[in-house]
Amino acid sequence: MHRRLMDRVNTAIEGYLPERRLFLKSDTETRFVRLRPVAQLLMLSGGAMLIGWTIIVSAIFFMDSIGSGSSRDQALREREVYEARLATLTADRDRRLAEAKAAEERYAVALRQVSSMQTELMASEERRRELETGIEVIQKTLRRAVAERDAARGELEALTVAAVGGTPAGRSEATENADLSQTVDFLTGALNATAEERDLMAVAADAARAETEELIYAQRLAEERNDEIFTQLEEAVTISMAPLDKMFSAAGLDPDDLIETVRRGYSGQGGTLGPLMPGAGPDGPADAAGRRAAAILEGLDRMNMYRIAAEKAPFAIPVKSSFRFTSGFGRRWGRLHAGVDLAGSYGTPVHATADGVVVKAGPMSGYGRLVEIRHEFGLSTRYGHLSDIDVSVGQRVSRGDRIGAMGNSGNSTGTHLHYEVRVNGDPKNPMTYIKAAKDVF
3 MHRRLMDRVN
13 TAIEGYLPER
23 RLFLKSDTET
33 RFVRLRPVAQ
43 LLMLSGGAML
53 IGWTIIVSAI
63 FFMDSIGSGS
73 SRDQALRERE
83 VYEARLATLT
93 ADRDRRLAEA
103 KAAEERYAVA
113 LRQVSSMQTE
123 LMASEERRRE
133 LETGIEVIQK
143 TLRRAVAERD
153 AARGELEALT
163 VAAVGGTPAG
173 RSEATENADL
183 SQTVDFLTGA
193 LNATAEERDL
203 MAVAADAARA
213 ETEELIYAQR
223 LAEERNDEIF
233 TQLEEAVTIS
243 MAPLDKMFSA
253 AGLDPDDLIE
263 TVRRGYSGQG
273 GTLGPLMPGA
283 GPDGPADAAG
293 RRAAAILEGL
303 DRMNMYRIAA
313 EKAPFAIPVK
323 SSFRFTSGFG
333 RRWGRLHAGV
343 DLAGSYGTPV
353 HATADGVVVK
363 AGPMSGYGRL
373 VEIRHEFGLS
383 TRYGHLSDID
393 VSVGQRVSRG
403 DRIGAMGNSG
413 NSTGTHLHYE
423 VRVNGDPKNP
433 MTYIKAAKDV
443 F
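Going by my numbering, the sequence shown wraps up at 443, each residue one higher than the last.
It is worth saying that the hints were derived from the structure and are not from the lab.
The C-beta atom is built at its ideal place from N, Cα and C for all residues, glycine as well.
Don't take every hint at face value.
Using 30 Å as the maximum straight-line C-alpha spacing, the simulated DSS-like pairs for lysine-lysine come out as follows [unchecked claim]: (1) K440 / K430; (2) K142 / K248; (3) K362 / K430; (4) K248 / K440.
Label pairs and their computed distance ranges (CB to CB) [to be verified]: (5) I53 / W335: 52 to 60 Å; (6) V59 / G368: 48 to 56 Å; (7) F34 / D9: 40 to 48 Å; (8) E138 / K103: 46 to 54 Å.
Work out the full structure, taking the sequences as your base and the hints as a guide.
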């Protein structure tokens, strides 16, 4: 039956591909090989497939060459953009810190000026009270002097009466006039002295009121200037914090938990901000300006904690040279592909994407030569199919440190890096972290 089917096929296509005979002649004999239509069709099909495969392979190779060049240029451009963005953010952060420090210094100067003004005001008020007390003392002295004068006059009259025979009529008119003149002179002098002291106290009180008004006006100007400075700093801190919050949230990391973890493990300079504020009590500054300044300093401290947390989380790309993504995260061939594949030249340097400790540096089934780094917050990263390993177990590495070179070890079909991010041992898509940081760094 198979032969009859072949005969039918040969008969059907014989009009297009007639039977050929290939003669092979030697000195003694001649032989020939029959090329029936089916055999010719198979030979032509095989040749066409071979030519087509050659064309496709050549096209793929040519496209990879073009793609590698464009990927390299794109990677360089993105790197320049990231570095420029990072430099801008760093300069902006330094500028905000300088503004905050200057505002804090101006605030301290204003507080000292207000304190000095309050001291002068209190001194003026004290002088006024002293003058009032002096007036009362003078009045009491005057009343006592008048009473003593009247008593002396009574005694003098009694003595005079006794001397002239017991009647006051014996006093001469000249004596009466002299006593009256002395009394008037004494009262006039006392009243003039009292009026002068009253005028001096009035002038001092007016000067104290004017000085008080100037101090209040200067204090109001200082408060308005500080309010404008605080408003600008608060807006700057809010604008700077928003992309960082978005980056951590997009990566599935809770910003508050990260800050608390970093604050517990941070050994750098700093601490509570309350003692930095003048007049701060155990519950913080008592006045509104002090509370606003403390909130700004707290925001700057939170930004610093964000910076430390960003260095400890894998937000960077492990390959800084030209590369291309060849496989993504997800199901592939019925099994989970737990990371992303980055293809490049053999020996391309591979860098740590965050600060951490090397927990694995050697061969591992399926991964070939592997480096695994444990980071903070339950995160870890894996770098597989390496050609060389430049770190050892227990070694601490920082973001950007070289840990190995791209290779083709393990279950691999070509030179590439297999990069994984794991949270508490569970694989996560590394592109989530890379894309989250793309708009920030």
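Which of the listed hints are not met by the structure? Checked against the structure, the hints that fail are numbers 2, 5, 6, 7, while the rest are satisfied.
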